[in-house]
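Below, each chain spelled out in residue letters.
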Amino acid sequence: MTWRGRDVINILDFRRDDLDRLFSLTDQLVESDYRAPDLSGRSVALIFLEPSTRTMYSFYSAVNRLGGSVLPLSMAEATSIAKGESLADTIRMFDSYADLLVIRDKREGAAYYAAEVAESPVINAGDGAHNHPTQAMIDLYTINRLKGGVDGLTIGVLGDLKYGRAAASFILGLTLYKPGRIVLISPEELRLKSEVRDYLDSRGVEYLETSSLRDVVPELDVLYVTRIQKERFPDPLEYERVRGSYRVDLEALSGAKEDLIILHPLPRVDEIAVEVDDTPYAKYFLQARYGVYIRMALLKLVMGV
Amino acid sequence: MDVENGILVRKIRMGTVIDHIPPGRAFIVLRLLGLHQEPRNRLAVIVNTDSRKLGRKDIIKVEGIHIRGETLNKIALVAPEATVNYVEGYRVVEKFKVRLPDEVVGVVRCSNPRCISNSPREHITPRLEVVRPSPLRLRCIYCERYTDYEDVIKHFFET
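Chains as they are written, first to last, in the working numbering: chain A, -4 to 300; chain B, 417 to 575.
Careful: at least some of the hints might be erroneous.
As the list claims (entries may be wrong) - Simulated pairs of lysine-lysine, BS3-like, Cα-Cα distance not exceeding 30 Å:
| no. | chain 1 | residue 1 | chain 2 | residue 2 |
| --- | --- | --- | --- | --- |
| 1 | A | Lys101 | A | Lys157 |
| 2 | B | Lys570 | A | Lys157 |
| 3 | A | Lys157 | A | Lys252 |
| 4 | B | Lys427 | B | Lys511 |
| 5 | A | Lys188 | B | Lys570 |
| 6 | A | Lys188 | A | Lys173 |
| 7 | B | Lys570 | B | Lys469 |
| 8 | A | Lys101 | B | Lys570 |
| 9 | B | Lys427 | B | Lys469 |
I should point out that these hints are in silico values taken from the structure, not numbers from a laboratory.
Whole structure, please, built from the sequences with the hints as guidance.
Quick look at the structure:
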């Protein structure tokens, strides 16, 4: 499918060959540390109606490196929204100012709706607990780049699989490939939501669910870590009880394969111990660096430059 | 009509008979069709009667009108096996099964309170795809969360 003019709402809107094209362009950008005025005279609206630093600045940086201008609307500046303007009206206005809209909103489905309203392409930068497709692209790219592919690998996903949009999009993105095994590691309370589970089942994807990181660490080629948030637990004591079991430190990693890679969508709080940063496993900062190039490649493909 | 209901309720001369409603759901169907607040029509509700097909079932008879249009298919949300019979001169002149469309538009709202379609400022017409008719499961085209039979019932009794 052609990339030009396309909305980026859900990782499942893409096929494997779409991602191959995105990733090979990203490779070129990474290798040449690309900067060029490809977006000169074009503008990208960054409509961030939920607090965000990483994703917003990653897009900001991507647009800057391509010589485009940014029209930012962040929470603090969203005076029109505060006055009671609808998202639809905000989108319509920015649609007339910008050539592409990047949107984050805590309401699930907001990006899909924005794409219905806007004529310009819309990129979903996170909608509640639903989707975060550009993060999934970064994750899949990082695995492809560091491991030479996704197929056949044993991939562990750790943390909040129920409310975490990054984890959900990553897991769905894995179904575009043929990983050897997907291992879902989380407390009972935060297991995969039924919509994602049913999708895996309908595609015949094999996965193992477990509460124990230690049991599965030796099998893993990739460990994708997400944060478990205290507020997801009705009982704070329960949170305190489980949090230690999901902390990735050197002890938890004893027995891991030598070439295991650990990814994290960031920001990290304390789910990965700082001591892990100095090990060859730690690839999360590299992953974040690739994020800018993925977003540059996306902008180039969607805007046809 | 496949059962002897004459004892309870007499046959109607002209009107609509909605048959094969799962037992206990007739009042939900009335509500779906807005008949619970329509005093002009004489109607009979037969609850928990014998059925060869379902074991037990409910029946609604509405005298004087042939209920038509898209609203009839709303019935399929709670009674996927229901049949609609048009009666003229005490005889069934037309009979068909209700049909659940592939997408339910503007009838029920998404069960996810965090869905953009439930945002009061946005005025979005809810659109839910049918995942399966029985037990009913719908999926919002915006947030992709499920809305199940229980959610639909809650929706109709809250509004």
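Against the structure, the hints come out as follows:
Straight-line distance between C-alpha atoms of Lys101(A) and Lys157(A) comes to about 16 Å, which keeps the hinted pair within the 30 Å bound. Simply put, Lys570(B) and Lys157(A) have alpha-carbon atoms about 24 Å apart, close enough for the 30 Å limit, and the pair holds. Taking the CA atoms of Lys157(A) and Lys252(A), the gap is about 28 Å. The hint holds against a cut of 30 Å. Using a Cα cut-off of 30 Å, the hinted pair Lys427(B) and Lys511(B) holds, with the two alpha carbons roughly 16 Å apart.
Simply put, Lys188(A) and Lys570(B) have alpha-carbon atoms about 22 Å apart, close enough for the 30 Å limit, and the pair holds. For the hint pairing Lys188(A) with Lys173(A), the CA-to-CA distance comes to about 21 Å; that is within 30 Å, so the pair holds. Only pairs whose Cα atoms come within 30 Å are accepted, and Lys570(B) paired with Lys469(B) is accepted, the gap being roughly 27 Å. For the proposed pair Lys101(A) and Lys570(B), the alpha carbon gap of about 25 Å is at most 30 Å, so the pair holds.
A threshold of 30 Å between alpha carbons decides the hint, and for Lys427(B) with Lys469(B) the separation of about 21 Å falls inside it, so the pair holds.
Against the hints set out earlier in the document, no violation occurs for any number.
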